[in-house]
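Residue-level listing of the chains:
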Amino acid sequence: MDAVILSLAALVGLYMAANIGSNDLANAMGTSVGSCAITIKQAVIISIVANALGAVLAGGYVTGTISKGIIDPSLLANNPNILMIGMFASLLAAGLWVNLATYFALPVSTSQAIVGAIVGFGVLSVGAGAVAWNKIIIIVVSWITSPAVGALISGGMYSFIDRKMMSTKDPLAASQRYAPVMVFAVFLVLILSFIFKGLKNLHLNAGFVQTILLAIPISAIAGALGLWWIRRQARPECKLGPGQENFTPLDRLFAQLQVLTACYVAFAHGANDVANAVGPLAAIFSVVQTKAVALKVEVPFWMLLGGGMAVGGGLLLFGTRVMETIGKNITELTPMRGFCAQFGAATTILVCSRMGLPISTTHVLVGSVVGVGIMRGMGTLDLRILKNIALSWVVTLPFTVVLSMILYKLFIYFLL
Amino acid sequence: MRLSLTSLFHESPFENLQKHADMVRECAYLFKQAALKHLGGECEKFEEITDQVARLESKADGVKRNIRNHLPRGILMPVDKFQFLDYLREQDKVLDEVEEALFWLSFRPMGIPREVAADFGDLVEAVTPPIENLSDLVGMATVFFKNRTERQRTRMKSLIRDIRQHEKEADVLERELKLKIFHEIEDALAVFHLVRLVEIVGHIADHAENASDRMRAMIAR
Numbered sequence: 019m020d021a022v023i024l025s026l027a028a029l030v031g032l033y034m035a036a037n038i039g040s041n042d043l044a045n046a047m048g049t050s051v052g053s054c055a056i057t058i059k060q061a062v063i064i065s066i067v068a069n070a071l072g073a074v075l076a077g078g079y080v081t082g083t084i085s086k087g088i089i090d091p092s093l094l095a096n097n098p099n100i101l102m103i104g105m106f107a108s109l110l111a112a113g114l115w116v117n118l119a120t121y122f123a124l125p126v127s128t129s130q131a132i133v134g135a136i137v138g139f140g141v142l143s144v145g146a147g148a149v150a151w152n153k154i155i156i157i158v159v160s161w162i163t164s165p166a167v168g169a170l171i172s173g174g175m176y177s178f179i180d181r182k183m184m185s186t187k188d189p190l191a192a193s194q195r196y197a198p199v200m201v202f203a204v205f206l207v208l209i210l211s212f213i214f215k216g217l218k219n220l221h222l223n224a225g226f227v228q229t230i231l232l233a234i235p236i237s238a239i240a241g242a243l244g245l246w247w248i249r250r251q252a253r254p255e256c257k258l259g260p261g262q263e264n265f266t267p268l269d270r271l272f273a274q275l276q277v278l279t280a281c282y283v284a285f286a287h288g289a290n291d292v293a294n295a296v297g298p299l300a301a302i303f304s305v306v307q308t309k310a311v312a313l314k315v316e317v318p319f320w321m322l323l324g325g326g327m328a329v330g331g332g333l334l335l336f337g338t339r340v341m342e343t344i345g346k347n348i349t350e351l352t353p354m355r356g357f358c359a360q361f362g363a364a365t366t367i368l369v370c371s372r373m374g375l376p377i378s379t380t381h382v383l384v385g386s387v388v389g390v391g392i393m394r395g396m397g398t399l400d401l402r403i404l405k406n407i408a409l410s411w412v413v414t415l416p417f418t419v420v421l422s423m424i425l426y427k428l429f430i431y432f433l434l
Numbered sequence: 187m188r189l190s191l192t193s194l195f196h197e198s199p200f201e202n203l204q205k206h207a208d209m210v211r212e213c214a215y216l217f218k219q220a221a222l223k224h225l226g227g228e229c230e231k232f233e234e235i236t237d238q239v240a241r242l243e244s245k246a247d248g249v250k251r252n253i254r255n256h257l258p259r260g261i262l263m264p265v266d267k268f269q270f271l272d273y274l275r276e277q278d279k280v281l282d283e284v285e286e287a288l289f290w291l292s293f294r295p296m297g298i299p300r301e302v303a304a305d306f307g308d309l310v311e312a313v314t315p316p317i318e319n320l321s322d323l324v325g326m327a328t329v330f331f332k333n334r335t336e337r338q339r340t341r342m343k344s345l346i347r348d349i350r351q352h353e354k355e356a357d358v359l360e361r362e363l364k365l366k367i368f369h370e371i372e373d374a375l376a377v378f379h380l381v382r383l384v385e386i387v388g389h390i391a392d393h394a395e396n397a398s399d400r401m402r403a404m405i406a407r
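Sequence order for the protein chains is A and B. The numbering of the first sequence is the numbering used here, which starts it at 19 and goes up by one. The numbering of the second sequence is the numbering used here, which starts it at 187 and goes up by one.
Be a bit skeptical, because a hint or two may be false.
[Claimed, not checked] Only pairs whose alpha carbons sit at most 25 Å apart, straight line, appear in this in silico BS3-like list of lysine-lysine:
1. Lys205/B / Lys343/B
2. Lys205/B / Lys218/B
3. Lys187/A / Lys218/B
4. Lys427/A / Lys309/A
5. Lys182/A / Lys343/B
6. Lys354/B / Lys218/B
7. Lys343/B / Lys223/B
8. Lys343/B / Lys405/A
9. Lys279/B / Lys205/B
[As the list claims (entries may be wrong)] Computed from the model, here is a short list of chain B residues facing chain A with C-beta under 8 Å:
10. Leu262
11. Met263
12. Arg334
13. Lys343
14. Ser344
[Claimed, not checked] Pairwise CB distance ranges, derived in the manner of DEER restraints:
15. Leu118/A / Ala403/B: 43 to 53 Å
16. Ser193/B / Asp188/A: 46 to 56 Å
17. Ala191/A / Ala303/B: 53 to 63 Å
18. Ala303/B / Leu401/A: 54 to 64 Å
19. Asn406/A / Ser244/B: 35 to 45 Å
20. Asp373/B / Ser185/A: 53 to 63 Å
21. Lys267/B / Ser185/A: 31 to 41 Å
22. Asn406/A / Gly325/B: 28 to 38 Å
23. His369/B / Leu401/A: 56 to 66 Å
Calculated directly from the structure, the hints in this document are not laboratory data. Using N, Cα and C, we set each Cβ at its ideal position, and we do this for glycine too.
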């Protein structure tokens, strides 16, 4: 029986992970493919590696929040099977919702889907009073804060580049003046993100000041290298990638910076969202193995790695065709615009994570793209779609709550 | 399966605007040919070209409708939507005037009076460059609204100045031709026909200039 439960749980976990990869990760890498900064093959490789690294190095932290944050597992100490079935129902409910949203092309948060699903089974198993409703309020607030901060940063970045570089008489000369600043900013955000968020599992315990003192000189060196690099790119013999025939040296700079930020977004995605698939799975494995409810579920390394790979696999299997469409359809997504959107998203993920706000990479990315659009930076944006997107964000919680309740009741009825 | 983020991006109207501008350029070429055939007394060839222009104008109208019908509320563009539609209207009016000029030419098959034929030919020559320039202007705008470089903007401003200059020259020719018509033609019907025709031909350059002015407003910083 245990083997059957474990196999089923692993299958549903894989299903959820593949859904995450095919929608979320394809979104995260889509802007880079659309602007020809990277090829689809490169996007898939970067996604799989960065995503798996994010899951392994930073995933555990989030997993703890998922299993403990919404309901207190100790309330189910007398009945571990309830926790197991509840987690199974939650995983399936969230997976179905993400699949449905993907089908209707709606960018929903997988984290919020799993939170909603856990709330659903929590209300039925331990009662509504035991659910941490304050976390739900924070999630509701994040529907506005995540995209708004993303829009603000990416729009600001676009405006800065437009005024200081593109609108000058000699953009290449201006880029040599500002490229080091931009490379510095990108590296600073990435390094701070890796230390504060990404490398949490390595328990470096570096303080804020030490981290800043470490990040600034490294970013300054990167900035100096950026100046050397942009001068080199200005030479006519510079080698170009596929689809980059019409790229100016400035486009090439933004394309490279975009690759860096795309790597980070994939990493952050692995850190945040892989846990959505493996967190409940880890709880089920723990119950099956120990026949008890653990207060803290340690997610094994192999499970995080497997989850990261499965998300990458989802992108490989279902996301490549989608990204191909982006490359052909979003012809107006230039490296500069793509970079602004990605940089805005990466910085928002860092800032909001530091502030302890739950954020969804997808929500932030949507906000960032719209932010560049509002500054008249995007080709043509259909803001009417935002209404559907906002609706899908709001619907995610109630839908997964109800679906998880139904599935939980069904499983209880048939299995217990 | 569709990707959620891509649904935010809408098809760019600039591709169709370029298509429309290319049709306008083709019409300018045909207009010149038709006028020359008319002056040369080749009526059949003239009618053939007039039909060709009418077909092209109808096709261009379809492109214009397609652009307008696919820019509903809620579409965010790199330029003000109303300025863009204003530009399109002026570009389309160029075509309308070309078609109208050819109609007016066809109303009097006996041709343009010898006294003013050469000057009329000069006027036709003078109004075609601004129309041809519009197509280049749209091409430049497509690139400019992608990367917004000052260099591209400067090139556009220079082309807009050229169009304005061409329009001024056409205006001068138009006035001189009108003066000549009143002085040298005595038949009242011919005067009315010629003055109206010259005004319509002059309007071609006027609308090309108006279109370029709208573009100037779109690229204003």
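To see whether the hints hold, each was checked on the structure:
1. As the CA atoms of Lys205/B and Lys343/B are separated by approximately 22 Å, the hinted pair is consistent with the 25 Å bound.
2. Annotation: proposed proximity of Lys205/B to Lys218/B holds, straight-line Cα distance about 20 Å (limit 25 Å).
3. Pair hint Lys187/A plus Lys218/B does not hold up; C-alpha atoms about 39 Å apart against a cutoff of 25 Å.
4. Between Lys427/A and Lys309/A the alpha-carbon distance is near 21 Å, which keeps this suggested pair within the 25 Å criterion.
5. Restraint check: the Cα-Cα separation between Lys182/A and Lys343/B comes to about 20 Å, which is no more than 25 Å; the hinted pair holds.
6. About 19 Å separates the Cα atoms of Lys354/B and Lys218/B, which keeps this hinted pair within 25 Å; it holds.
7. The suggested pairing of Lys343/B with Lys223/B is violated, with an alpha-carbon distance near 35 Å, which exceeds 25 Å.
8. Straight-line distance between C-alpha atoms of Lys343/B and Lys405/A comes to about 39 Å, which puts the hinted pair past the 25 Å bound.
9. For the suggested pair Lys279/B and Lys205/B, the alpha carbons sit about 15 Å apart, so the restraint of at most 25 Å is met.
10. Look at Leu262/B: its Cβ gets to within about 4 Å of chain A, closer than 8 Å, so that hint holds up.
11. Interface restraint check for Met263/B: the shortest CB-CB distance to chain A comes to about 5 Å, inside 8 Å, so the restraint holds.
12. Below 8 Å, beta-carbon pairs count as interface contacts, and Arg334/B has one with chain A at about 5 Å; its hint therefore holds.
13. For Lys343/B, the suggested interface contact is broken, since its CB lies about 13 Å from the closest CB of chain A, more than 8 Å.
14. Residue-level restraint check for Ser344/B is violated (minimum Cβ-Cβ distance to chain A is 14 Å; threshold 8 Å).
15. Hint check: Leu118/A to Ala403/B, Cβ distance near 46 Å, so the stated range 43 to 53 Å holds.
16. Judged by the Cβ atoms, the range 46 to 56 Å given for Ser193/B and Asp188/A is violated: they are separated by roughly 38 Å.
17. At roughly 55 Å, the beta carbons of Ala191/A and Ala303/B sit within the given window of 53 to 63 Å.
18. Between Ala303/B and Leu401/A, the C-beta spacing of about 56 Å keeps the proposed range 54 to 64 Å intact.
19. Checked against the given bound of 35 to 45 Å, the beta carbons of Asn406/A and Ser244/B, roughly 37 Å apart, stay inside it.
20. Between Asp373/B and Ser185/A the C-beta distance comes to about 58 Å, which sits within the given range of 53 to 63 Å.
21. About 22 Å separates the C-beta atoms of Lys267/B and Ser185/A, a value inconsistent with the hinted range of 31 to 41 Å.
22. Between Asn406/A and Gly325/B the beta carbon distance is about 35 Å. The supplied range of 28 to 38 Å therefore holds.
23. For His369/B and Leu401/A, the hinted distance range of 56 to 66 Å is satisfied, since their beta carbons lie about 60 Å from each other.
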